[in-house]
Each structure stands twice: as structure tokens, then as C-alpha cells.
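Engineer: Whenever a hint applies, use it, and build me the whole structure from the sequences.
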Amino acid sequence: MWDIVISALPKLLEAMVKYTIPLTLLSFTFGIIIAVIVALIKFLNPKVSGIVSILWKLLRLLASFYVWVFRSTPLLVQLFIIFFGLPAIGVKLPAFTAAVIGFSLNTGAYASETIRSALLSVNKDQWDAAYTLGFSTPKTLWKIIMPQAFRIVLPPLSNEFIGLVKDTSLASTITIAEMFQIIQQYAAQNYEPLLMYVEVAALYAMLCTILSVLQRYLEKKSSRYMKGDKN
Amino acid sequence: MLKINEIKKSFGKKAVLKGISAKFPQGKTTVIVGPSGSGKTTLLRSLDMLVTPDSGTLDFDDLHLDFAKPISNKENKELRDKTSMVFQNWNLFPNLTILKNITASPIFVHHVAKEQAETNAHNLLKEVGLDEYADAYPDELSGGQQQRISICRALAVKPEYILLDEPTSALDPESEMMILKMLERLAKEGQSMIMVTHNMQFAKDAADKILLVENGEVEFDGAKDAFFSQSSIRVKEFLQGISLK
Ligand SMILES: Nc1ncnc2c1ncn2[C@@H]1O[C@H](COP(=O)(O)OP(=O)(O)O)[C@@H](O)[C@H]1O
Ligand SMILES: [Mg+2]
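As they're listed, the protein sequences go chains A and B.
Residues 1 to 231 (the numbering used here) are what the first sequence spells out, left to right.
Residues 1 to 245 (the numbering used here) are what the second sequence spells out, left to right.
Below, computed lysine to any residue pairings styled on SDA-like, alpha-carbon distance capped at 25 Å:
(1) K143(A) / N73(B)
(2) K114(B) / S136(A)
(3) K143(A) / K100(B)
(4) K224(B) / M182(B)
(5) K74(B) / W56(A)
(6) K181(B) / G144(B)
(7) K126(B) / A170(B)
(8) K77(B) / G50(A)
(9) K124(A) / F150(A)
(10) K124(A) / A15(B)
(11) K143(A) / S121(A)
(12) K139(A) / L155(B)
(13) K69(B) / G50(A)
(14) K139(A) / P70(B)
(15) K221(A) / W142(A)
(16) K3(B) / V235(B)
(17) K100(B) / L120(A)
(18) K82(B) / D128(A)
(19) K47(A) / K77(B)
(20) K236(B) / D221(B)
(21) K74(B) / V48(A)
(22) K11(A) / A187(A)
(23) K221(A) / L141(B)
(24) K8(B) / N45(A)
(25) K114(B) / Y131(A)
(26) K23(B) / N199(B)
(27) K77(B) / E118(B)
(28) K143(A) / N120(B)
(29) K124(A) / I107(B)
(30) K57(A) / I71(B)
In case anyone wonders, no lab produced these hints; they're calculated from the structure.
Structural biologist: In C-alpha cells, the structure reads:
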């Protein structure tokens, strides 16, 4: 039994390093960048007038539409549209690129709501305090509001990150040879589906556990300024 | 000298400031009194543009603001450089240490060298006896201590006027005493202050000038002595109302 498990291991680890991890890291990075931009568009209410204010409203509408689309449709369907659907209108993407785009947009939509509500939950008085000291809006966001929102946003975002690790298994459906696709091949050859799928499950669990530990460490660090857990 | 003329502000249909004109002399302490809901906070916040009045003008040395027109970012910043607010609930930044609460604006907004900003902050902290907390976070301090820090934070940007909105009303009597002593000392040093308070003893001891605001209008504007000699019926009624409580 162990021979079978071990024989699949090198290819699995290779798939993890080549696809699962880069896919997760890239998608999460891009996803968070998108999410912060979208969250700020929906959160900020700049005092502008005329054409700029119309453009801003349009941008907000666009942001809301984007979030709505990606939260109201299955991730699997999104991946299929990007990889199998878009070529029909001349947009032909390599599988890996398509996967990164799909996962990033999906993560961006969910995380933008998480980030927006964290920004909203920072006490409004903090803005007054910063403004009276001469801070501009960007400086207030960067120095005062975002660091406080970060504490609030860390647990839910970590959960989204861990969710993304698991979701990358969906990339197997658009021809990417990540861990789950590799193990499917093994299972088909050696007729040990239980053993094989438990093995890949264990690897996903391992990855997620490492991330949870990291999450707890970060949470501790970021809550340093709260009474009681100063260590 | 800070001067406002015919300041009006409504929230929705509710007119909160109904045309307020006043002068706030430099180097003096002006105390704003009045029943709650009369518009004192809105008036004070207007002086720092945390509230933007609907109309009226504000003059501060060369700066002239007409609130009926849009105020540019530059004018806004100029006003905020000259004034700094202390809040009822102090509003320290919980993500920054005490020292950084005080140095944040000097360093990031006014581009003072870090070392100089920190030396200045330590000096301010020493004056209020809290230098040992420089590296602590706000949550580790009592309300009275945090309020003293927030006054240091306001002073650190060297504003011409400090605006204080009921700085002691969320504090226990002992902390209140300490803050008021600190403010009295600042007043003696010639720091220009505009303070909303219900503490008539402080007004008697430290104010140069009293502004009584009722229902969005100025009911009394004059020297402290004139105020407490109760020359007007409205002032008399107000003072009687307070002593009944
Ligand atoms: N941001 C706001 N939105 C709506 N109403 C407000 C706002 N700020 C103050 N008000 C109203 O304006 C009135 C005066 O408030 P305020 O200036 O805080 O009075 P005071 O400080 O004298 O107690 C109150 O009726 C209050 O409800
Ligand atoms: Mg008030």
C-alpha cells in the first residue's frame, strides 16, 4: 500500500510546486489588489462635481456590477467561460493564465466586500482626528484607517486564502496538471481511488494547516496594540 | 485673529446654525456654553471644517473663506494647519503608540525630521507626566491619561488655536481636574483656545471671553465678567438652569 502512495508522491509534489502554490499565490495577490481597488471605489465618497462626479458614479456602478457577477455565478462556470468560452470571440488564453484570471477575479469580488466592510467598521471619529491634524484623505487611509481595518480583515481574508488553495483543484477541469489532475491519472491507472484521493486530500490539508498557523501568527502580531495580548 | 460671520448650517431640513458671527481673540481663551443640542459642537467643528457650513465667511489672518463657494483643498489645509481639535472622547489612534500618536502629523504631514518630532513629543509628554508611556498603546491608558495625550497631540502640530469640545465631560472628577489645570496653564502661557464646556468654574477661572449659543444663535458674546454679572435675562436664565442641575 505504501509503495503506491509513495510512488505518486514525487509527481504530486511537483504539481503542487509547479501549479497549486503559484496558482494560489498569484491569484491571491492579484485578487487582493483588485479587491482593495474595488473596495476603495465603493467606500470613498470624494467631493467632486461635474463630469468627474458622473465618471465616479459610473465607476461605482461598474464595481458593483463586477462584484455581483462574480459572486452570483459558480467559480467552475467562470473558469469555463474564460478558458473554453472566450476563444469564440477571439480571446484565446493559455490554461494557466485563464486560471489565474478566473481565480483572481473571483477572489477580488469576495475580498472586496470583506475589505469594504472592514473599512466601514473603523470608527468614523478616526477620520476627524486625522483630518484635524492635517492628514489628507489618502494619508488618513494609509496611516490610520487601513492599519485598523487590516486587523479586522485578517481572519476573513485568511479564510478566503485557504479556500482558494482548495479551489485551485478546479483548475484540473481546464487542463491544468495540478495536484488533483495528477492524482486522477494515478487513480485511473492503479485502481486505488480511495488511497489516491485520501493522499491528495492529505496534501491539501497540510498546505491549509501551514496557512492556518501563519494566520494565527499574523493575527497575534497585528493585535499587538490591543490590551491583554501585548506579547 | 479668527473671525466668523453669518455662519449657517443645516442638516437636512434642520437649521442648526442660524447665522453665527463671532470673533475669537488671539492668545485668549474663549469658552462656548449653551444647552445641549444648541449647535456648539457644529460651530466648533465648522472652525476646522470637520463640518462645512452652508454659507457665511471665516477670516483668519490672510485666509478668507466664503462657504457659499467651494473651498479648495489648499484653503482647507491652511485652515487645519492653524487649528487643531481635541475631542470629547479623545480619539487617539489605537494602532499607534503614544509617541507615534503625537509624532504622526509632524512627521507625515508637516515633514518635521523624525528625531526632532520625537524630542518635541517627549518634552510634551514630560510636561504632563506621561513620558513613561511613550511606547504604550492608547488602550493601556485611562481616559484621563488619553485625553492629556490627545492635548499633547494637538499641541505638537503647533496650531494657532486649539479647539476643545467638552474635553472633560467623559471623565471622572479627578481626571477632569487634572485636564482643567493643564488647560489653565496653557491659557496662562497665551495659547489661543476655543473650548466648549459645561464647567462654569473653568469658565470663571480661565476664560477671557464667553459665547452663549442657544438654538443655533449667539445669545451672549462678551467678556467673562460681563457674563457672570448676569446683565442679560437670557444669561441669567441659562446660569440659573445650570445651577439647578
Ligand atoms: N452630522 C449630523 N447630522 C444630522 N444632524 C446633526 C449632525 N450633527 C449635529 N446634528 C444635530 O444638530 C443639532 C446640534 O448638535 P450639536 O452641534 O452637537 O449641539 P451641541 O454640541 O450644542 O449639543 C442637534 O439637534 C443634532 O442632532
Ligand atoms: Mg456637543
